[in-house]
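Trainee: Here the protein sequences come in this chain order: A and B.
With numbering that gives the first Met the number 0 applied, the first sequence covers 0 to 779.
With numbering that gives the first Met the number 0 applied, the second sequence covers 0 to 158.
Please keep in mind that the hints were generated in silico from the structure rather than gathered at the bench.
All figures in this text were calculated on a predicted structure; none of them were measured in a lab.
Cβ coordinates follow ideal geometry from the N, Cα and C atoms, glycine included.
Honestly, I wouldn't trust all of these hints.
Unchecked claim - Simulated coverage check for chain A against chain B, where a stretch passes if three residues somewhere in it have a Cβ under 8 Å from a Cβ of chain B:
1) 213–226
2) 371–381
3) 450–460
4) 661–673
5) 679–685
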Amino acid sequence: MKVNPQMNRRELLKGGASLLVTVSTAGSLTACMSERPSSTETAVQPRNTAPDRLDAWLAIDANGEVTAFFGKTDMAQGVGTAMAQIVAEELDVSVDTVTTVLGDTNLTPDQGGSSASSACRWGAQPLRNAAAEARQILVGRASEILGQAAENLDVEDGNIFVKGSSDTSISYGELISEEGFGTRLDWNKKYGNALRATGTAQIKNVEDYKVVGTSVVRKDIPGKILGTTEFCHHVTLPGMVHGRMIRPPVANALPVSADAQSIADIAGARVVHKRNLLAVVADTEWGAIKAARQLEVEWTETEAPFPHMDQLYDYIRQAPPVVSNGQTMTFGRKNYNVPRGQKAYELGPTNQALADSARVIEAEYEIPFQSHARMAPSVAVVDASGENVVIYTDAQKPHDVRAGVSKMLLLEQEQVHVIWLPGPGSYGRSDGDESAFEAAIISREIGQPVRVQWMRHEGHGWDPKAPAAVVSLKAGVDANGDLSAWLFHAKGFSGWDVKNNPSNPGDTLAGMQMGWQKWDEHNFATPDESYEFPNQVEYFQTIEAFQEVASPLRCAHMRSPQKKQVSFAHESFIDEAAAATGQDSIAFRLKYLKNPREIEVIEAVAKAANWETRPSPATDNNDSDNIARGRGVALFGGYGTYVATVCEVEVDRTTGRIWPRRFVVAHDCGLIINPLGLRGTLEGNVVQGASRALWEEVLFDQENVRSLDWNSYPILDSMEVPEAIDIVLINRPDEAPGGAGEPAHVAIAAAIGNAVFDATGFRARQMPLTPERIKLGLTA
Amino acid sequence: MARFVFNINGEQQEVQADPDMPLLYALRGDLALKGPKFGCGLAQCGACTVIMDGEAIRSCVTPMAVAEGKTIRTMDGLGAESDPHPVQKAFIKEQATQCGYCTNGWIMTTVAALEQDADVSDQDIRKFLSGLKCRCGAHMSMLRAVRSAADEMSENHES
Ligand code: FES
Ligand code: FES
């Protein structure tokens, strides 16, 4: 088994296509961005990645080894292995013979990188079809050689044989020609998540699956445990120097000048100051770190950009809305933008129904900014010293890095080669791609390859954030305890403050510092689940960012973007409605759910958790030693997946500490590709979800972000993780695979909050549910 | 600049560096080791953990001057694919990682703890791992792996 897909990429490049990195010596600090230094060149022979070519997706060598080229990346979920399974299935080869090459812009078609839990949902489609097509072609060749009709032939482990006979067989390797297949696929002319390619071959029926749906060990894991995996962090190039960025003390201050003398004692230390981008480089990494600390900089005097943090939620309530959706929507529809000032949704009937109802319950939920806080901050190694640019990155969307950097450096896309290597898990538009842009500018300026690595304070302080929001809900209850009206209103910073990918330089920090324009799109979200209430209106409003340009509080996608915020409020409030009317939380939900798959997951979780039907809070909450115990449920449907979660908590009444002792998760993501990999992904979703629910909150003052390390921005640790996460997988072979990287993450906060209410009778409406807040709530 | 000599994974190594430079940069940079990783540089996450004279330490805050003359083990030297350390074996068996960036810290901390005493309760395990970060939330699988490594190592010890 090949443990490291990158090794194979290297092998692949060894032949005719060599990756030859040479170094420019003529660096000029005054070089202008649009001038193209004519130094020695990075020679890379790209593969033809046009998506209508079968060869763009698959290569089989004379030994029958298969390489699949996947234009997405793996954000720590074992996507490479899942793709290998899909290809192995259609080709009838052993999964061990398949290597997946991920996200190299010269080797893989542009499938848009990682996003929206899309790898198995959409990304797999072209590969599956390409593999089926390849099998058909090879069987066709074998049928000529063996003088047998194709339908009399079968394939096992890459060997084609006559059905029912064991003597004649011919292997894929023997049928392969140097030039590959040369076959065309029918391509929908789209790139990114929307890319589809289809051949003439029939793909397998799910009933015939042998590899897909079985537990296959993740191929990337041994290398990560033995210490042999080459992460992006490990890349070095000959002649490479080290860069560090200089961040302003006040978020909106701009560098006026930097005193090169202040770092003159450090070997090779230089200042790179290009428009509003300020960096240092030095010969060694330690030299660059010291230079960044030592550099004396004059900054512009500015007015502090942020309000007091304790006014955050009032600020959101009072800020004028910029954009709202016109109707109940699910995330991703583009036609929601209602022109400014125009009335968008019909509140009248709902307000009337509320006024007419026997009783109105209402609540407001507050959700803070949260940080991606990757395990390691951004890193990139870039050689932009020559005409062509080579970028090593662990960013989620290498093809968009190519698009953005080529625009920024005024190059053709073909001149920029982005090579993706594994990095720390990234769960959205994190800081992952930022350093590639910074390093590209620096490398071009100094005419040398450079490695730019962010420090911890930048990873926490300057990554794009998940937007803060206030979500208010109202429900009308009639005389029978049934709901008569439902009003959901989310108001927050736009989750699209910067784009969800770096294809436009203006949506990166470096690009903004160089004067590129940010895009002008705005988005929040409303609930996705299938609850139907009478007189139901659900809408959102976004507000202007505190600081338009290059803000440390700029917002972008973070794992299950905006759905996490929406769900905390929505799924908590449904619980409030159930409790207010004395009904069991699950029975109450079942009254209003319409989607059978949502109903099934909720019933499955109730069964697995031994859910006792009764209203909350618990009357006998097993209170002992000052520990209150309770259970809560929450539902999420989205990304083509349905998941219900039960959480059992222990709340320490003295300290306010919550321990989510056990989670039970019922998960339906359609057809399951790799149950083993899926379980790991789901556990990670739950633990990270609990971390965001219990601890995570970006701290800031009027001048800047202040949670700049793991002490000021704590995440869940090994003492706090649950005792058990019990997972019920519902496999639906007849349904398309749904996403798995996000859905189980969404409703964790609500499940915990509902359990805390069940245990204590206290309803936590502000995230995160820190001991301080819970203690305060319990004593109030 | 000064000259530092230490034993890394059984071999004598020499590095020229500032005495105040953290050991991590010598390991990652000069010696091109892949085990210890930069995560925070603040002794808060554990990604840079190595074992120095038997103790798990954070190489990102350990100056070269302190490392001089010491015996240091990194994950690179623990075991090979054909002969992994029992802790690595358990991690591979449990598929105990998501991105693998934090893994070095969890493995090296576990190795140091279990080599001292593998007879540990679940709570002991949670405690000695509590100073480590994992952003991907792979804790559950890692706890399972450490449990099984501890069982294996204490059995071997007894026999
Ligand atoms: S890098 Fe040393 S503890 Fe985080
Ligand atoms: S596995 Fe990604 S940080 Fe732990």
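Trainee: Flag every earlier hint the structure violates by its number, smallest first.
Mentor: 4
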